[in-house]
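All chains, full assembly: derive it from the sequences and hints.
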Amino acid sequence: MVLARRGGIGRYYDVNGWLFVAPALGLIALFMVYPILWSLWMSFQSGRGMMMKFAGFANIVRLWNDPVFIKALTNTMTYFVVQVPIMILLALVLASLLNNPRLVGRGLFRTAIFLPCVTSLVAYSVLFKGMFAPDGIVNSTLQAIGLIASPIPWLTHPFWAKTLVIIAITWRWTGYNMIFYLAAMQNIDRSIYEVARIDGVPAWARFTHITIPLLKPVILFTTVISTIGTLQLFDEVYNLTEGKGGPSNATLTLSLYIYNLTFRFMPNFGYAATVSYVIVVLVALLAVLQFYLARERDR
Amino acid sequence: MDKLVRTHLPRIAGLALASASFLAVTAAEAKEITIWCWDPNFNVAIMKEAGARYTKAHPDVTFNVVDFAKTDVEQKLQTGLASGTADALPNIVLIEDYGAQKYLQSFPGAFAPLSGTVDHSGFAPYKVELMTLEGQVYGMPFDSGVTGLYYRKDYLEQAGFKPDDMQNITWDRFIEIGQQVEAKTGKKMMGLDPNDAGIVRIMMQSAGQWYFDKEGKPNITGNPALKAALETVGKIMSANIYKPANGWSDWVGTFTSGDVASVVTGVWITGTVKAQPDQAGKWGVAPIPALSIEGATHASNLGGSSWYVLESSEEKAEAIDFLNEIYGKDIDFYQTILQERGAVGSLLAARGGAAYEAADRFFGGQKVWQNFSDWLAKVPAVNYGIFTNEADLAVTAQLPALTQGTPVDEVLKAIDAEISGQIQ
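Sequence order for the protein chains is A and B. Take the first sequence: its position 50, counting from 1, is numbered 50 in full-length UniProt numbering, and each next residue is one higher. Take the second sequence: its position 144, counting from 1, is numbered 144 in full-length UniProt numbering, and each next residue is one higher.
Since the hints were made in silico from the structure, they are not lab data. One thing to keep in mind: the hints can contain errors.
Taking lysine-lysine and the PhoX-like style, the derived pairs with C-alpha atoms no more than 25 Å apart in a straight line are [to be verified]:
(1) K329(B) to K56(B)
(2) K31(B) to K48(B)
(3) K217(B) to K53(A)
(4) K71(A) to K413(B)
(5) K31(B) to K56(B)
A quick note: this is a predicted structure, and the numbers were derived from the prediction, not measured.
Okay, structure coming up:
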């Protein structure tokens with residue numbers, strides 16, 4: 001065979017091989033590489049609508065002087081710092097509870113907790129908006145059992161609006177993360193737990209010293225995925241606040257700000273592209289940090 | 001392989017071209033005009049009426065009036081314009097006057113100039129001015145947003161107030177009345193959406209000011225009308241005479257459900273108010289309350305919008321002719337939409353006539369149209385500029401600070417800082 005004998009540099013220039021991958025490469029270049037490079041180029045331009053001009057680093061300077069951007073960044077980081085740990089912990093606890101083979105009806109519970117993440121984002125946001133209205137079911141229930149005297153202004157007070165968004169995304173994504181943990185837990189050898197039990201290790205210590213270390217790669221994976229998801233948070237806030245990120249920009253996220261800059265305000269695609277690169281940089285930094293923290297120390 | 005392509009390609013291309021031209025021919029015969037607008041009780045219903053009138057004279061032209069939420073219309077339009085393809089866009093779109101210059105300036109060439117066809121001298125000058133760019137007039141002026149104070153006569157009567165007590169009051173008096181209404185009837189005076197600065201804009205324009213000065217520069221910290229408007233909203237909030245609403249439909253629900261005693265907004269809400277037949281005879285209309293500062297009036301404007309034709313649309317000629325025939329000339333049409341929908345048009349020739357003098361039974365026989373027409377003449381003219389959306393968000397962002405007792409001057413400074421960062 002001619003092909004088999006051909007070695008060295010000729011192997012890399014085999015036209016047939018390249019022809020096979022060319023369609024895929026072409027599509028990736030067209031729909032991935034080109035938009036990424038073009039948006040990078042756009043982030044150095046500024047102007048109104050279609051009237052774009054090269055602006056150098058003006059957009060980056062503008063970021064520092066833009067109180068709305070700072071607010072959106074702070075909100076996004078608040079969601080990330082508060083919500084991701086709560087959700088990961090909750091998912092871990094739920095997974096280990098539902099992993100108990102003696103639990104009756106665990107299939108039902110698993111389905112119930114997983115279901116939120118297959119519901120439509122818009123549908124559940126609208127539903128939440130109704131449930132958390134001043135005279136909605138949540139406030140009337142809390143009032144009926146005597147926990148609160150007057151309705152909580154879920155959608156009109158800056159603090160409670162943020163809390164509501166956190167409740168909403170936790171409700172939706174906890175089940176999703178839980179499924180990863182459940183799958184990983186079922187791969188842990190039962191005999192390890194058996195040995196620990198014989199040695200008299202209590203249940204809590206078995207969870208912290210056996211389950212969690214063995215789940216580490218999965219925890220890392222879900223943390224990175226959740227970080228990306230939270231930094232790109234858009235749908236919930238958009239639907240809960242009619243796209244305004246109110247009250248007082250208290251729920252405004254970076255993605256929603258990009259949307260506003262492009263589609264609601266005087267359109268400035270260049271500045272919007274700059275803000276979107278802020279998300280890219282943040283995700284990259286946080287992912288590196290998470291990998292660093294979760295590295296294998298004893299190797 | 002190569003030969004195959006060479007012999008078949010022309011045939012394939014020919015076939016594709018033939019089918020494309022076939023499609024184009026059928027499209028040209030059907031001539032459907034697609035229109036985007038947002039209020040089913042108002043501009044959607046009016047556009048359907050206008051379409052029906054035009055189809056009667058031109059049976060080959062049909063209309064597809066698409067009804068979405070206003071923000072969706074604006075954002076879908078902006079997305080379509082930004083993408084540079086006309087496929088997803090309608091032939092005619094309704095744009096609120098605050099945003100007109102934004103679209104005209106950021107998407108040059110996207111809208112068809114109507115100057116040549118439509119005689120704009122017959123329309124209210126302020127409407128024509130806001131759709132003019134570099135000597136060309138781009139839109140068909142539609143409705144005015146002259147404001148009024150709609151109030152529930154039955155609730156106010158229970159609290160001891162007669163219609164005369166509602167005429168030409170100040171906002172301070174309005175708040176006093178509101179407190180008594182709540183004490184006697186348990187109803188709040190008004191619905192208020194803390195994420196909608198509409199009420200601030202009404203108050204500010206009633207005293208002849210806007211977020212921007214004549215040159216379009218921000219006019220915030222040294223703006224007595226904006227300051228007084230914010231103080232008034234703060235007073236309304238601390239007097240707690242309002243029912244909080246979250247979003248437009250929620251706000252509309254505050255008065256359609258009968259939960260509040262009054263509504264201060266543009267005349268275009270009349271259709272929605274009248275859509276509750278069980279409340280017939282219970283409503284009255286008065287001039288809006290005035291601020292207690294120099295230059296304050298009882299007349300203002302909120303919203304108001306105009307029709308624009310997309311330059312790239314296939315049925316451009318038909319769309320322009322339709323607008324000119326109905327909105328530009330048909331006086332009878334204006335009388336109908338006024339009586340049925342409460343649309344105060346901006347075609348000057350249509351003002352007056354029987355419809356304007358008619359008494360409205362829904363409002364207990366009050367000649368409301370005459371009233372609105374009188375107030376319209378007194379609306380102070382301001383320059384909306386191109387950044388009203390940005391300024392509005394900056395104002396709403398600071399409203400809660402106001403209720404927590406932050407001094408108004410500091411709130412104004414914060415608004416100014418936010419706007420300066422936004423408008424570039």
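A quick look at each hint next to the structure:
Restraint check for K329(B) and K56(B): the C-alpha separation of about 16 Å stays at or below 25 Å, so the hint holds. Restraint check for K31(B) and K48(B): the C-alpha separation of about 16 Å stays at or below 25 Å, so the hint holds. Using a Cα cut-off of 25 Å, the hinted pair K217(B) and K53(A) holds, with the two alpha carbons roughly 22 Å apart. Taking the CA atoms of K71(A) and K413(B), the gap is near 17 Å; set against the 25 Å cutoff, the hint holds.
Distance restraint check for K31(B) and K56(B): the Cα-Cα separation of roughly 14 Å lies within the 25 Å cut-off, and the hinted pair is therefore satisfied.
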